[in-house]
Amino acid sequence: MSKPDTNSPSNKPQSSPLLVSTPPAVSKALIKSYPYLLIINKILSIATWTNDDYWVNIVILCLFALVVLYFESLVVWIGHLIVVGIITLYALLNNQIIEETNMHPTLDEVVQALTATCIKADMLLNPITSLSLTAYDIKRLLFTTFFLTPLYLIITFLIIKPRIILLVTGLYLLSYHSSYSRVTRRIIWKVKLARLIVYYLTGLDFSRAKNHSLFAAAFAKVQKNAGFDTKGAGNKPVRFTYVIYENQRRWLGIGWTSNLLSYERTAWTDEFLNESSSIDTFQLPNASEDKNFNNPYEDSSKINSATWRWVDKTWRLDLTNDGAITLPNAKRSKTTANPGSDEGFIYYDNTWKKPSTDDTFSKYTRRRRWIRTAELVFDDSTAIEPKISNESVVTTTGASIADSTASTKKTKTLRFAVEEEVEEQPEEEEVENNEDVDIAKKID
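Quick note: the sequence shown uses UniProt numbering, first residue 1, plus one each step.
Quick caveat, the hints were computed from the structure, so don't treat them as lab data.
One should not assume that every hint holds.
DMTMM-like cross-link-like pairs, simulated, lysine to aspartate or glutamate; straight-line CA separation at most 20 Å [what the hints assert, rightly or not]:
#1 Lys334 - Asp322
#2 Lys334 - Asp312
#3 Lys363 - Asp205
#4 Lys353 - Glu246
#5 Lys353 - Glu271
Pairwise CB distance ranges (calculated) [said to hold, decoys possible]:
#6 Tyr200 - Asp312: 31 to 39 Å
#7 Val191 - Thr257: 28 to 36 Å
#8 Tyr200 - Thr156: 16 to 24 Å
We put the beta carbon where it would ideally sit given N, CA and C, even for glycine.
Please construct the entire structure, taking both the sequences and the accompanying hints into account.
This is how it looks when you write it as structure tokens:
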């Protein structure tokens with residue numbers, strides 16, 4: 001009987017390419033962590049409802065409800081059995097770890113298990129991380145929660161028992177990632193009353209669409225209204241007039257300040273009352289690193305080369321407040337970069353209603369409108385005809401986008417003619433002075 005050919009390629013053990021580049025200490029640690037990764041991956045699969053058998057989740061929900069509702073009875077009658085069951089579960093997990101360790105997994109299998117675990121962990125924490133809460137949001141949430149503490153005490157003592165609150169909260173968290181729960185939340189969230197209740201309970205506005213950033217909104221509107229193709233849209237600059245509203249409240253004995261109530265709008269908002277940075281701290285987004293922008297084009301090199309830049313040097317106050325204030329005929333400019341402390345405001349009552357241009361004793365809130373134009377420039381070196389494609393400019397605002405009727409050269413001439421003349425005038429004067437000096441020397 002002949003011996004098998006151990007030198008044939010089919011009989012040689014397959015080694016992972018990671019084994020060569022990974023240090024032995026790291027490889028040993030990864031292989032030892034493999035059984036624990038499998039257990040964590042299984043737990044995360046159940047928590048995120050990505051496992052194959054949904055009946056496991058249903059059994060867990062029933063057991064949780066049973067424990068919460070009949071906790072005292074369970075402890076009295078079968079408390080000792082519960083302790084033994086926990087010890088048995090630990091022993092089974094330990095045997096599972098030993099069996100998985102004896103299987104000698106490869107580094108590829110360990111990396112695959114680690115990747116799956118990280119993905120499911122991100123999925124589990126996504127409801128919290130997607131909020132992108134700032135320090136101000138957390139402060140506002142804590143203040144609102146502390147303010148509503150008396151209401152919570154009244155509800156727990158007189159209306160709903162704490163056991164029921166714990167049951168509903170636990171079932172909601174355990175079934176949060178199920179498809180049924182996601183569909184139900186979407187249907188409820190479409191109701192304006194539900195969004196309003198969440199807003200007053202938390203002090204945070206979750207209804208704003210964070211997936212549409214400044215870059216994505218401008219680019220999508222250009223494609224829709226201007227009707228550009230893929231190649232043309234990648235080279236045509238886009239102008240976006242960004243609008244920020246400054247909101248203030250009058251406090252008795254203090255006057256007008258930017259300190260507003262926790263449940264109302266913030267001191268600086270955009271056109272849709274979403275929280276925004278102030279004009280001193282506002283920064284343009286980086287188009288190439290904007291994670292919220294979904295590139296609808298196949299050629300991503302043009303998107304990566306796109307950059308925002310300011311067209312206006314500073315923020316300017318809209319003295320008309322979007323047409324709400326009528327300016328005298330003698331005043332030509334409708335915007336100013338250096339406004340007064342009370343200039344350009346529209347005054348409202350305590351609930352931001354009944355707008356008026358007059359500051360009376362019945363007005364406790366006010367706001368004014370700041371604007372500044374930015375330009376999205378595409379620096380595509382691979383374009384065939386960059387000069388021809390750059391002649392068209394699309395001007396955008398916060399509400400609409402329209403095609404520019406003038407070419408780039410005309411736009412630049414109209415906007416920067418004064419600055420160019422001012423900058424070039426000293427050079428011409430120096431040349432003329434030098435010529436006068438030379439002529440004087442020749443005469444001498």
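Going through the hints against the structure:
Pair hint Lys334 plus Asp322 holds up; C-alpha atoms about 10 Å apart against a cutoff of 20 Å. At roughly 15 Å between alpha-carbon atoms, Lys334 and Asp312 fall within 20 Å of each other, so this suggested pair holds. Using a Cα cut-off of 20 Å, the hinted pair Lys363 and Asp205 is violated, with the two alpha carbons roughly 25 Å apart. Among the hinted pairs, Lys353 with Glu246 is consistent with the structure: their alpha-carbon atoms are about 16 Å apart, no more than 20 Å.
A hinted pair counts as satisfied when its Cα atoms are at most 20 Å apart, and Lys353 with Glu271 qualifies at roughly 16 Å. In this structure the hint that Tyr200 and Asp312 lie 31 to 39 Å apart at CB holds, the actual value being about 37 Å. Taking 28 to 36 Å as the suggested C-beta distance range, the pair Val191 and Thr257 conforms, at roughly 35 Å. Checked against the hint of 16 to 24 Å, the pair Tyr200 and Thr156 passes, with Cβ atoms roughly 19 Å apart.
Violation of the numbered hints given earlier is confined to hint 3; every other hint is satisfied by the structure.
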